[in-house]
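What follows is each chain in one-letter form.
There are 2 protein chains.
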Amino acid sequence: MEQSKNFVGIDPGSVRYVTCLGAGPIGAGWCAWFLARGYHVTSYLHAASEEASLRAVIDSAWGSLESLGLAPGASRDNLRCTTDLADSVANAQFVQESAPENLELKQELYARLGALVAPNIVIASSTSGLPMTDIQANCPHPERMVVGHPFNPPYLLPLVEVVGGKKTDPEAVRWVTAFYRLAGKAPLALAREVPGFVATRLQEALWREVLHMVLNGEATPEQIDFAIVNGPGPRWAMMGPCLTYHIGGGDGGMAYCLDQFGPALKLPWTRLEAPELTADLRAQMIAGADELAAGRSYATLIAERDRNLIAISKALKG
Amino acid sequence: MEQSKNFVGIDPGSVRYVTCLGAGPIGAGWCAWFLARGYHVTSYLHAASEEASLRAVIDSAWGSLESLGLAPGASRDNLRCTTDLADSVANAQFVQESAPENLELKQELYARLGALVAPNIVIASSTSGLPMTDIQANCPHPERMVVGHPFNPPYLLPLVEVVGGKKTDPEAVRWVTAFYRLAGKAPLALAREVPGFVATRLQEALWREVLHMVLNGEATPEQIDFAIVNGPGPRWAMMGPCLTYHIGGGDGGMAYCLDQFGPALKLPWTRLEAPELTADLRAQMIAGADELAAGRSYATLIAERDRNLIAISKALKG
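Quick mapping for you: the protein sequence lines, in order, are chains D and F. Oh and the first sequence: position 73 is 73 in this note's numbering, straight run, nothing missing. Numbers in this note's numbering are just positions in the second sequence, counted from 1, shifted up by 318.
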């Protein structure tokens with residue numbers, strides 16, 4: 001706590017001017033999303049030549065965004081491009097940074113941003129792997145710098161994982177969570193920095209098992225994708241692994257499944273070693289499942305799942 | 319090869335009479351599916367008292383199945399229940415076994431089935447973990463016994479993982495693959511027995527990471543489910559991890575992503591150790607991605623993904 005953490009933000013509902021740094025698929029995707037939600041967006045480009053590809057991504061996304069419904073006043077005309085960093089953030093009420101994943105590059109960028117952007121404005125990084133503690137290490141006013149990690153494509157998938165670094169004021173995390181929610185995203189604020197956050201960690205566990213299976217000739221990439229899309233995939237579109245497990249073994253719920261299938265965790269099914277299923281962990285999983293079920297009975301959950309699976313199946317056929 | 323493998327099946331398209339053994343969620347789910355596809359189904363119950371819960375599952379599934387469209391002649395009236403094993407398989411042209419996951423129990427059951435069921439009829443086990451080599455160890459005519467592992471709920475998710483044991487005639491694997499496809503399922507025939515098959519292995523890798531994260535206080539079950547449903551989940555409903563990776567880093571495809579993100583595999587993000595990304599493995603992944611893309615350009619894949627994500631998003635809101 002070598003620096004004071006005294007972030008006081010503007011009203012998140014008053015934000016009209018957003019600056020997006022970076023013109024790759026993520027930066028451009030953010031531009032498209034904020035424009036569709038009715039914001040005025042300034043895009044900082046590393047080189048003027050990037051404007052064409054930036055606008056191509058936005059144009060391609062726009063049809064999708066229109067079909068989901070634009071906010072009042074939303075228009076691609078509200079986009080302004082510049083290659084001048086100071087100019088790009090001059091009027092910013094929120095900054096979303098999507099520069100390349102290079103710590104040195106980001107540290108230099110944040111040192112400049114820390115001086116250029118008023119201290120009551122939040123700067124969020126789209127980084128998928130670099131800790132904010134490292135990114136913010138050498139810059140002024142680090143207390144309003146957070147990670148806001150989106151999922152690709154940012155204009156269609158709602159998740160944004162939010163977490164601060166050591167020098168971040170928790171108030172800035174609360175501010176950006178409120179802002180993202182107002183901007184139509186699904187923010188997930190983490191209690192502390194975890195490499196890979198949540199969704200990427202889970203994806204990585206799956207991905208490493210994929211690589212092991214292909215390496216060992218147990219399945220081809222085609223078989224793997226076929227299995228996911230025709231098996232667990234449609235469930236995951238609307239129900240995470242915990243709630244899926246909760247209803248996976250009948251109305252006994254999470255407790256039944258843990259007790260029934262717990263021993264199978266010791267089978268060498270995946271290369272990932274399972275943790276000991278202690279009484280504490282068991283209790284945490286059961287409490288979590290109860291919160292997820294939120295009072296819905298097994299029959300209700302099954303009915304909801306089936307209704308959604310049918311809707312997804314029809315949607316994908318249509 | 320201690321026994322001859324001389325399976326000769328009936329025409330898969332001529333099957334009208336199916337026997338489902340077991341009245342749990344999986345067995346009942348199979349009954350519902352086969353009835354909806356127009357088959358005559360005999361359900362073998364361990365006890366007559368199970369008939370009520372069996373019919374409750376079928377009735378609950380029927381609305382879903384009607385909304386997806388029934389086959390001509392499909393009716394719940396085509397269900398017959400019996401507690402007599404010999405009677406249940408007397409006219410069977412295909413047998414789907416969904417008895418409890420207990421090797422001894424299954425071995426005894428298959429010893430009886432081997433004698434009761436004509437050798438030209440395939441018997442498929444819904445087992446999610448027991449190897450067919452063990453299940454079929456002590457029974458007559460093991461050459462037509464296969465694993466046909468469905469995904470829950472079997473009346474909505476199309477995947478069936480198919481694999482034989484050591485004594486299974488490869489022709490029986492081909493037969494059941496053709497039969498499942500005619501019956502409207504998405505069969506995935508594996509080259510050899512792999513514990514956990516494909517989809518369950520991948521699910522288990524994810525699930526173990528879930529348990530580690532909860533254990534370490536990195537995320538709660540609620541946060542984990544929230545992250546999946548709002549992040550990678552909707553993508554997995556229509557695109558497996560390999561094709562997702564292929565379009566994850568722009569139009570450079572799988573090769574670009576492996577080279578770009580390969581080093582990150584060495585980061586301790588998940589508890590699952592990554593395999594060495596050898597030139598061979600790299601080549602296999604790239605060839606697999608090319609097959610999955612099947613000539614579709616990056617732009618086409620992105621457009622398809624976005625169209626499907628919107629359809630899923632609308633379907634889940636509706």
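These are calculated hints, taken from the structure and not from any lab test. The reader is advised that the hints may include incorrect statements.
Stated by the list, open to error - No more than 30 angstroms apart at the CA atoms, straight line, and that leaves these computed lysine-lysine pairs for DSBU-like: (1) 484/F - 314/D; (2) 485/F - 317/D; (3) 317/D - 484/F; (4) 635/F - 314/D.
Said to hold, decoys possible - Using C-beta positions, here's what the derived DEER-type ranges look like: (5) 294/D - 365/F: 28 to 38 angstroms; (6) 56/D - 598/F: 32 to 42 angstroms; (7) 192/D - 635/F: 49 to 59 angstroms; (8) 263/D - 510/F: 19 to 29 angstroms; (9) 250/D - 456/F: 36 to 46 angstroms; (10) 184/D - 423/F: 48 to 58 angstroms.
Unchecked claim - If the Cβ cut is set under 8 angstroms, some of the chain D residues that face chain F in the computed set are: (11) 64; (12) 114; (13) 116; (14) 213; (15) 233; (16) 306.
Computed from a predicted structure; not experimentally measured. Even for Gly, the Cβ is constructed at its ideal location relative to N, Cα and C.
How the hints compare with the structure:
no.	hint	in the structure
1	484/F - 314/D	violated (39 angstroms)
2	485/F - 317/D	violated (39 angstroms)
3	317/D - 484/F	violated (38 angstroms)
4	635/F - 314/D	holds (14 angstroms)
5	294/D - 365/F: 28 to 38 angstroms	holds (35 angstroms)
6	56/D - 598/F: 32 to 42 angstroms	holds (36 angstroms)
7	192/D - 635/F: 49 to 59 angstroms	violated (33 angstroms)
8	263/D - 510/F: 19 to 29 angstroms	holds (25 angstroms)
9	250/D - 456/F: 36 to 46 angstroms	violated (30 angstroms)
10	184/D - 423/F: 48 to 58 angstroms	holds (52 angstroms)
11	64	holds (5 angstroms)
12	114	violated (27 angstroms)
13	116	violated (29 angstroms)
14	213	holds (7 angstroms)
15	233	holds (4 angstroms)
16	306	holds (5 angstroms)
Hint violations for this structure: numbers 1, 2, 3, 7, 9, 12, 13, all remaining hints satisfied.
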